[in-house]
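Engineer: As they're listed, the protein sequences go chains A and B.
Heads up, the first sequence is in numbering that gives the first Met the number 0, so the first residue is 0 and it goes up one at a time.
Heads up, the second sequence is in numbering that gives the first Met the number 0, so the first residue is 0 and it goes up one at a time.
I should point out that these hints are in silico values taken from the structure, not numbers from a laboratory.
Check before you lean on any hint, since a few could be wrong.
One copy or two, either will do: identical chains are not told apart, so a pair holds if it fits within one copy or between any two.
Result set (DMTMM-like, lysine to aspartate or glutamate): computed pairs, CA atoms no more than 25 Å apart in a straight line [to be verified]: (1) 245 to 284; (2) 272 to 111; (3) 338 to 172; (4) 249 to 111; (5) 249 to 259; (6) 145 to 3; (7) 6 to 80; (8) 240 to 259; (9) 8 to 163; (10) 320 to 269; (11) 32 to 127; (12) 245 to 259; (13) 6 to 50; (14) 6 to 94; (15) 174 to 3.
Here's the letter readout for the chains.
There are 2 protein chains.
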Amino acid sequence: MQMDERKQKVLSAIIRDYVSTAEPVGSRTIARKYNLGVSPATIRNEMSDLEELGFIEQPYTSAGRIPSDGGYRYFVDCLMEREQLNDSELIVVRESLHDHLEVNMLMQQATDLLSQMTNYTAVVLSPEVGKTTFRQMQLIPIQPNKAVAVVITSAGIVESKILDIPEFLSATDLKKVARFINRSLMGLSLDKVRMALFRELAEKLKKEEQVLSQALEVIDEALKAEGQERVYLSGTLNIFKQPEFKDVEKIQTLLGILQEQNTVRHILNETSKHGINVKIGLENDHQGFRNCSMITATYQVDGETLGVIGLIGPTRMEYSKAMAAVETLTDQLSLVLRKYFRR
Amino acid sequence: MQMDERKQKVLSAIIRDYVSTAEPVGSRTIARKYNLGVSPATIRNEMSDLEELGFIEQPYTSAGRIPSDGGYRYFVDCLMEREQLNDSELIVVRESLHDHLEVNMLMQQATDLLSQMTNYTAVVLSPEVGKTTFRQMQLIPIQPNKAVAVVITSAGIVESKILDIPEFLSATDLKKVARFINRSLMGLSLDKVRMALFRELAEKLKKEEQVLSQALEVIDEALKAEGQERVYLSGTLNIFKQPEFKDVEKIQTLLGILQEQNTVRHILNETSKHGINVKIGLENDHQGFRNCSMITATYQVDGETLGVIGLIGPTRMEYSKAMAAVETLTDQLSLVLRKYFRR
DNA sequence: TGTTAGCACTCTTAGATAATGAGTGCTAAC
DNA sequence: GTTAGCACTCATTATCTAAGAGTGCTAACA
Chain A
0 MQMDERKQKV
10 LSAIIRDYVS
20 TAEPVGSRTI
30 ARKYNLGVSP
40 ATIRNEMSDL
50 EELGFIEQPY
60 TSAGRIPSDG
70 GYRYFVDCLM
80 EREQLNDSEL
90 IVVRESLHDH
100 LEVNMLMQQA
110 TDLLSQMTNY
120 TAVVLSPEVG
130 KTTFRQMQLI
140 PIQPNKAVAV
150 VITSAGIVES
160 KILDIPEFLS
170 ATDLKKVARF
180 INRSLMGLSL
190 DKVRMALFRE
200 LAEKLKKEEQ
210 VLSQALEVID
220 EALKAEGQER
230 VYLSGTLNIF
240 KQPEFKDVEK
250 IQTLLGILQE
260 QNTVRHILNE
270 TSKHGINVKI
280 GLENDHQGFR
290 NCSMITATYQ
300 VDGETLGVIG
310 LIGPTRMEYS
320 KAMAAVETLT
330 DQLSLVLRKY
340 FRR
Chain B
0 MQMDERKQKV
10 LSAIIRDYVS
20 TAEPVGSRTI
30 ARKYNLGVSP
40 ATIRNEMSDL
50 EELGFIEQPY
60 TSAGRIPSDG
70 GYRYFVDCLM
80 EREQLNDSEL
90 IVVRESLHDH
100 LEVNMLMQQA
110 TDLLSQMTNY
120 TAVVLSPEVG
130 KTTFRQMQLI
140 PIQPNKAVAV
150 VITSAGIVES
160 KILDIPEFLS
170 ATDLKKVARF
180 INRSLMGLSL
190 DKVRMALFRE
200 LAEKLKKEEQ
210 VLSQALEVID
220 EALKAEGQER
230 VYLSGTLNIF
240 KQPEFKDVEK
250 IQTLLGILQE
260 QNTVRHILNE
270 TSKHGINVKI
280 GLENDHQGFR
290 NCSMITATYQ
300 VDGETLGVIG
310 LIGPTRMEYS
320 KAMAAVETLT
330 DQLSLVLRKY
340 FRR
């Protein structure tokens with residue numbers, strides 16, 4: 000059996016209706032609301048075909064039809080018209096995400112915007128800190144035997160960690176180490192800094208002053224701990240708006256998953272091919288998302304992928320609007336982050 | 000009517016039973032489980048009295064009794080024995096919260112611990128940054144016309160903000176400003192720094208070099224923005240464990256409130272008298288918490304209150320255990336934070 | 001051959017009714 | 001003052017029925 004134009008129209012109508020009402024759609028409803036110029040009986044025949052093709056299904060005998068995962072897939076691939084955000088939304092995005100913001104803020108803002116515009120749950124993975132470039136390190140004594148190591152990067156991200164300092168290291172020693180490090184590492188990416196740290200520096204310093212190399216070890220550890228992408232989350236409460244999640248247990252499971260940053264990071268990294276990406280229902284690897292659809296897209300600078308934006312909603316999702324929002328945000332992030340991450 | 004010893008025992012039994020089962024308690028149950036040496040009929044009489052006293056109530060005629068807010072209040076004030084955390088829990092607390100941690104980490108850790116140990120929702124307000132003392136400020140150029148201002152405090156907290164720098168300020172100018180600020184402000188509390196910034200410094204600098212005073216304005220703004228206590232939240236999903244919150248709407252409202260950091264901050268600051276504090280049901284000002292009880296306590300250093308710890312659960316709460324946990328954590332926090340906040 | 005009207009059939013949902021059972025309050029006896 | 005006995009209340013559950021939405025099939029129609 001083939002999809003002809005009328006079948007497409009019927010499927011499209013079913014999906015549009017179900018997306019907005021969340022109720023199974025009957026033949027009469029379609030005949031009434033979407034004038035295809037044929038009677039309910041004809042539509043019933045078409046629906047029967049669509050069911051055989053696997054695009055729609057009945058929750059039970061003699062209820063209306065609801066789209067299947069496959070139906071949504073066909074809709075997204077072949078029927079849906081891609082749309083743009085409207086002008087006022089575009090303005091909001093551009094004005095909210097500008098290069099005055101420190102990267103943390105920028106990411107949180109982007110996540111908030113995405114969930115507000117779509118009413119779904121937004122997730123963003125920030126760039127790995129390792130991909131920014133090193134600007135400066137400070138070692139500042141704050142208490143006897145304690146100092147803060149502060150790392151400033153081109154993204155304005157500041158990583159800091161409290162270090163234990165052995166007694167025999169004076170404030171002057173600390174300054175010396177910092178100055179030495181800064182001279183040597185300026186402008187390198189943090190990934191390279193970490194590589195370089197042990198090999199070259201520790202080497203050199205050991206010859207000159209064995210004392211200082213100890214400080215380096217601690218710093219290396221501090222850097223190692225901060226390597227991963229951060230997870231930003233917003234609009235988790237939007238889940239409650241969806242009738243498919245009126246069940247407490249479903250909400251609980253989903254919220255549970257979303258709170259595990261490692262899981263979220265993993266899921267997003269897995270799905271993040273270049274460009275925009277839609278996973279519908281069972282297409283999702285993680286079984287906690289089998290009721291959900293997830294739209295992801297990567298943002299990049301100079302061809303290098305820096306992070307992922309994700310949007311999670313029910314399979315009964317406004318794909319066109321959602322994709323437009325995700326796409327706009329990745330574009331804007333890519334644009335703004337150029338200043339921080341360009342090599 | 001007076002509370003005699005037997006009434007107390009009956010009330011205590013009702014509360015203990017209801018806390019663990021969440022089901023209305025009948026006279027037979029009490030006679031069976033808690034051997035008071037009297038028959039159900041006698042207990043019924045006592046229960047009738049307790050109801051008249053306002054300590055228990057019936058959800059409907061001929062159901063068992065459940066404790067009222069007043070009943071819990073009497074229990075907490077007069078009947079309950081205060082307990083301690085057990086040894087293994089104490090060890091966990093002490094080992095998890097030590098002074099190697101940066102303050103942010105410390106707070107998050109404390110919040111997590113509190114919710115894990117109690118199975119309720121934990122909220123912690125961090126010390127206001129203004130109460131730490133100033134150690135050092137750096138102004139680091141990262142792009143043309145942009146610099147990061149980094150403030151390092153005695154708590155190891157690093158606040159950073161990206162500043163727009165006018166063209167005519169050179170890197171050398173920036174260094175000069177930073178050096179000047181550091182010389183002048185070292186050791187002051189951040190509150191005082193902010194006060195001092197405009198009055199003295201801007202004054203002096205204006206005379207010497209009008210250019211640099213502009214940089215100061217931006218820095219002042221950066222400081223202003225970071226003044227508030229941070230809100231740490233953990234164990235929100237524990238709400239789902241409570242049968243009184245099996246209703247989706249109740250969960251939603253509560254989660255909604257908890258996500259508004261300003262509201263939470265306000266509520267916690269309101270209730271935070273010195274020492275440990277229990278608000279039961281309607282005693283809570285915020286009406287979203289009328290089903291809840293909240294245990295709060297402040298932690299302090301050198302007599303100065305730095306922040307608040309809160310624990311939120313249903314009124315049907317294990318008060319004794321919960322209070323023990325809150326108290327232990329405030330003590331430990333007070334202890335650890337001495338190193339960072341002592342004047 | 002494709003389209004449509006008609007109709008019997010299915011299955012959920014909502015509402016009504018009845019049975020169950022836990023628990024009380026009251027009375028009278030101990 | 002305590003207790004046994006008993007009638008009464010009311011939520012909960014199960015069962016049943018009626019209503020309604022929607023289908024699938026058949027037969028007629030263009």
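Engineer: Hint by hint, say whether it matches the structure.
Structural biologist: The hints, checked one at a time:
{"no.": "1", "hint": "245 to 284", "in the structure": "within (23 Å within a copy, 29 Å between copies)"}
{"no.": "2", "hint": "272 to 111", "in the structure": "within (23 Å within a copy, 34 Å between copies)"}
{"no.": "3", "hint": "338 to 172", "in the structure": "between (35 Å within a copy, 23 Å between copies)"}
{"no.": "4", "hint": "249 to 111", "in the structure": "both (23 Å within a copy, 24 Å between copies)"}
{"no.": "5", "hint": "249 to 259", "in the structure": "both (16 Å within a copy, 24 Å between copies)"}
{"no.": "6", "hint": "145 to 3", "in the structure": "neither (74 Å within a copy, 59 Å between copies)"}
{"no.": "7", "hint": "6 to 80", "in the structure": "within (17 Å within a copy, 72 Å between copies)"}
{"no.": "8", "hint": "240 to 259", "in the structure": "both (22 Å within a copy, 18 Å between copies)"}
{"no.": "9", "hint": "8 to 163", "in the structure": "neither (69 Å within a copy, 54 Å between copies)"}
{"no.": "10", "hint": "320 to 269", "in the structure": "within (24 Å within a copy, 43 Å between copies)"}
{"no.": "11", "hint": "32 to 127", "in the structure": "neither (50 Å within a copy, 59 Å between copies)"}
{"no.": "12", "hint": "245 to 259", "in the structure": "both (22 Å within a copy, 23 Å between copies)"}
{"no.": "13", "hint": "6 to 50", "in the structure": "within (11 Å within a copy, 68 Å between copies)"}
{"no.": "14", "hint": "6 to 94", "in the structure": "neither (43 Å within a copy, 66 Å between copies)"}
{"no.": "15", "hint": "174 to 3", "in the structure": "neither (75 Å within a copy, 72 Å between copies)"}
Hints 6, 9, 11, 14 and 15, counting from the list given before, are not met by this structure.
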